[in-house]
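Colleague: Taken in order, these protein sequences are the chains called A and B.
The opening residue of the first sequence carries number 33 in our numbering; numbering runs sequentially from there.
The opening residue of the second sequence carries number 451 in our numbering; numbering runs sequentially from there.
To be clear, the hints were calculated from the coordinates, so they are not data collected in a lab.
Incorrect hints may appear among the rest.
Computed footprint of chain B on chain A, listed as stretches where at least three residues anywhere in the stretch have a Cβ under 8 Å from a Cβ of chain B [what the hints assert, rightly or not]:
(1) 105-113
(2) 277-284
(3) 354-362
Which stretches of chain B does chain A cover? Using the computed rule of at least three CB atoms under 8 Å from a CB of chain A, they are [what the hints assert, rightly or not]:
(4) 474-487
(5) 512-520
The beta carbon of each residue, even a glycine, is placed where N, CA and C say it ideally should be.
Chain by chain, the residues run as shown.
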Amino acid sequence: MVALLESKLFVPAPGTGVVPRARLLDELRIGPRTRLVLVSAPAGFGKTTLVSSWVGSSDDARTAWLSLDPADDDPRTFWAYVAAAVSRARPESEPSLADWPEPGRPVSERDLTPLLNLLAGVPAGLALVLDDYHVVHNPEIHQQVGFLLDHLPPTTQVVISTRADPPLPLGRFRARGELVEVRAGDLRFTIDEATQYFAGAVEKPLSPADVDALAERTEGWAAALQLAALSMRGREDPAAFIARFAGDDRYVVDYLAEEVLAGQPSGVRRFLLETSILDRLTASLCDTVTDRNDGKAMLEHLERSNLFLVALDDHREWYRYHHLFADVLRAHLLDETPDVVGELHRGASTWYAGKGDPERAIRHALDGGDVEGAADLVEEQIPEVRRGRRESVLLAWLGQLPDPVVRSRPALAVIQVGALLQTGELAGAEDRLDEIEHELAARGSAGVPDWVPGSVELFRAAVAQARGDSSETMTHARRAVELATADDHLTRAAGASFLGITAWSRGDLEVAHASWAEGAAGLLRAGHVPDVLGVTIALGDIRIAQGRLSAARLGYEQALELAERSGPRAVRGSADMHVGLGEIHLEYGDLESARAHLETATELGEELGLPQYPYRSRVARGRLRQAEGDMGEAQNLLDEAEQLYVPDYFPPWRPVAAVRARLWLAEGKVDDVLAWASRSGLDVTDEPAYLREYEHLTLARALLAARPTGGSAAEAAGLLGRLLTAAEADGRTRALIEVLLLQALAAQAAGDGTTSLARLGRALELAEPEGFIRLFLDEGGPAVSLLQSAAKRGIHTTYVRRLLASGAPVPAGQPLVDPLSDRELEVLRLLGTELDGPEIARRLVVSLNTVRTHTKNIYAKLGVNSRRAAVRRAQELGLLTQSH
Amino acid sequence: MNQPRTAGDRAHTGRYEIRIRGHLDRRWSVWFEGMALTQHSDGTTTLDGQVADQAALHGLIQRVRDTGLPLISVIPIHPTGPDRPDTTTRP
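Isolated chain A (complex conformation):
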C-alpha cells in the first residue's frame, strides 16, 4: 500500500482577505451535461482559491479534493489518492475502495470499474477536484482520466485546475457542452475587484488612479496584487511606491517578492529561503533543515503575516508555500548561497527517512546531490517494497540513480535483472547476473544485503526456465530455496514453484505437489492471498491427475475460505477457485453443481480472475456444454479459449486444441480428429511423454472410433500399453483409468469379452473410491453397453448402476440435440444391414421417397452425409444396441 498523506485531501481554506468573485462563481454553474470543469491559468492566478470557495459555496454536491504533487505521477499512486479522496468524502459508500487499485500489476482502464460503480451509487452527486493537475505527465494517467470522464455518472463532475491544458479530448467535451472552462483572462482581477481587494488589504485607502496603475502593472494577476499589498504594509507613502513599481519593467513577482523579503527581519528572511526547498513544511522538519529550533514560532508568524503560507490541515501542522512565492524564494536561495542547498536537502532527507517516508527521503537525497545516500535508502527499502509487490516503484527509483552506482551495488543490480526478465531480455539479464556474481565473488558478503544471493539464484532459475533447460532450472531453484533468508517467503515460494513446474512437466506429480505446497505455505505466511489461490490451481490440477478428486476439492474449498477470511472484498483468484470446483463436479458427473460453480465464477467476473482465468473458465464451460449435449456452444467456448490462452507458469498438460478434438470425437468427426493429430505431430508409435499424454489418449480414442477392429487397432493397443506403463509408474491415476477403459473398449470391439471386462473391472476399482463418473460417460454408446454387461455379471454393481443412471439425463439414451423419432431409428437399423433402398421401403411398407426423406433427416440429425458414416456414428452413440 502506498503511504498516503491525509493533508493532500484537505480542501485548502481560502485565505483571509479573499475577494468574493461572484462573476466567476456564476460561470462555474454546473449544467446537467457538465462532466469536466477546467480551470486553466498560470501560477498565482487564484485557481485553487476559486475552486475551494466554489466548493465551499455549493451545498448540494459534496467534494472529493486531491492536491497533486510530482510524486503522484504514477498510475497506482494517483488512483490510490483518488480513491482516498472519494472515500473520505463518502466514507459509507459501497463498494469500499480500500486497497484499490489492487497491487502487483499495472493499473488498467478496467480497474476503474469499482470507482465508477461507487460514483454511480452516490445519489446527491460528487465533485472530484484534481488540483495542480499539470504535475501529471504520465500518458497512462491522462488516458485513464479520459476514460473516467467518458464513463462518469451524470451526477458527478471532475474539476481540474492546472497551469497547462491537459491532453484530454477537450474539443469533444466543449462541442457537446460537457465542459465548463475558466481561463487566465477570466481570472484576472477587474478594476472593481482590485479596488475591493485593496480596500480590505491595506491600511490606508488607495486612490482610484493608484489602483488603476497597480491593476495595469500586474495585469490583474492575483499573486502580484497580493504581493503588492504586502509590500505596501507599513509604508508612509504608498503612492510613491506604486509610481516606482509601475515604471519598472522587472518581473512583477520578483520585484514585489524582493520588496517583501527586504521588509523582513534577517531571521525570517533566512528561514524563508532555507525552507523553500521543502514542498511541505512542518515545525520539526523545518528545525532539522535550518538547524534551529524556532520552526513552530516561524510558521505561526508567517501564517499570521499572511506571507504566502497555505495551511494543509485543520490543526496547523502542515503547510506549504504558495507555489509561485516558493519558486522566487528558491531562485534567491540558489543565487545567494548555492553551496548550502545540498546540505538543506540532505537534512530533509534524514528527517523523512526517520519518519518512514522513503519516497521523499530519496528525492531530497538526490536533489541534494547525495547519490550514495539515495542508493543506501533504495537498498534498505527493497525487501519491504518487494513484499508489497511494488517493483515498479523500485524501478522508478533506480531510474534516477546513475548507472555506474546501480551496477556497483549487487542489491540494486539484481532488481534491474528482474526488469530485464520481464521484458524478455534474457541475454541482458544473464550479462548482468554474471557481473553481480563477479562483484559478489570479489568483495565477499561485506555490505551486501543477505537476501541478494538467493535472488541471484532465483533469477538464474528463471533464465534457465525461459531457455527450456530444466536441469539448470532445478539446480538454481534448489539453491535459491537454500539461500533465501528466513523471512524471504517470496524467494522461497518462487524457488519452490520452479521446482514444482519442472517436476510437473516431467509428470512427477508427487514431487511437484510437495514443491508447490511448500511454496503455498510460504506465500500464506507472507500474506499473499491471490498468489496462494494461483498455486491452488496448480495443486488442484495435480491432485486431479493423481485421481484424488476429494483432495483437489478440499484444496479449492479451503482456498475459498481463506479468501473470504482475508477481507470484506472478494479476492482476485476467487473466480478461478469456482472454475476448479466446476471441473471437479464435472468429473463427478454432477452437472448441476458444476453449472452452479461456473455461474458463480462468471458472476464474480474476470476482474476477480487470475491471468489464466479467461481461457480456463471457457475450457470448463465448454466441457460442461458438451456434457449437456450443446455441441455448438461447446465449440464456440473452446474456440474462444484458444484465442484467450496465455502461457502461464503451468505446463500445458491439457492443450485447448486437444479438448476440442475430444468434442469432435463426441460428435463423430473422427476424420477431423485424425487430421488434428497428424497436424499436431502425434503418432501412434510415439513414446509416452507426460505433456503429450492427454493428446495421445485423444489419438487412441480416435483410432478406436475410426476402425475398432481394423489394422491400426494393434497399433493403438501398443500406444495404450505404453501409456499404461508410464501412467502407472508416476501414479497418474486419472490417465490410468482412462487407458484401462479404452483397452476394455478395444477388447470389446475385437470380440474379446473376458479381457474387456477384466480391464473395465480394474478401471472401476480405481475410479469408484473417488467417484469418477464423467470419464466413463464421455465414451458414449459402446461404454454404456460395456457397463451394462458388467452390471449383468455383478462387477462393481452399485457403482456401475450409478454410472448408468448418471447417463440418464439424455432422453432415451440418445446424446443428440434433436433426437431421432422411432420411425427414424427403425430406418437407421435397416441402414446397418445389407438391404438397399427399395428393399428397406418394401420392408417398412412405405414408398422409396419416404425412406429417402427419413434418411435425409437421419443424416442431418447425426451430422453425416453417407450411409456408412451414419451407421458408424449410430454405433458410437449406441443407438443400434438400445432396445426401445
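Fit chain B to the supplied structure of chain A, relying on the hints for placement.
Modeller: For chain B alone, coordinates are given in the frame of chain A:
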C-alpha cells in the same frame, strides 16, 4: 555516455534563445539551469544557452510557465558555419 549521436540528436541539441516578456533578474540564471539572462530595452528578457536535448528544452519552457511570465519565442541559434558531420575519412 560515449554513445554515437544520431542525426536526430544533432538536429535538436545546441543553443537556444528563449524570449519572455518582462525583465528577469540575473539571479534567476541558476534556476534556469545556468542559461545566460539578458534584459532588453523593449521590456523583454532572453535566456540563452546550450540545451542537452528536447526534453531539457521542454523542462526550461515548463520553468518559464511556472514563473507565470509570458513566453514570446523560442529560437534555435545556429553557430557560425554549417554544423556538418565529420565525413572525412581518416588516413
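Colleague: Taking the hints in turn, state whether each one holds.
Modeller: How the hints compare with the structure:
With 0 residues having a beta carbon nearer than 8 Å to a beta carbon of chain B, the region 105-113 of chain A misses the requirement of three or more and the stated coverage is violated. Here the region 277-284 of chain A counts 5 residues with a CB under 8 Å from a CB of chain B, which clears the bar of 3, and the coverage holds. For a cut-off of 8 Å, the count of residues in the region 354-362 of chain A with a CB near a CB of chain B stands at 4, and the three-residue condition holds. Counting residues of the region 474-487 of chain B whose beta-carbon sits less than 8 Å from any beta-carbon of chain A gives 7, enough to reach three: the coverage restraint holds.
With 5 residues bearing a CB less than 8 Å from a CB of chain A, the region 512-520 of chain B meets the requirement of three and the coverage assertion stands.
Consistency note: the structure conflicts with earlier hint 1 alone.
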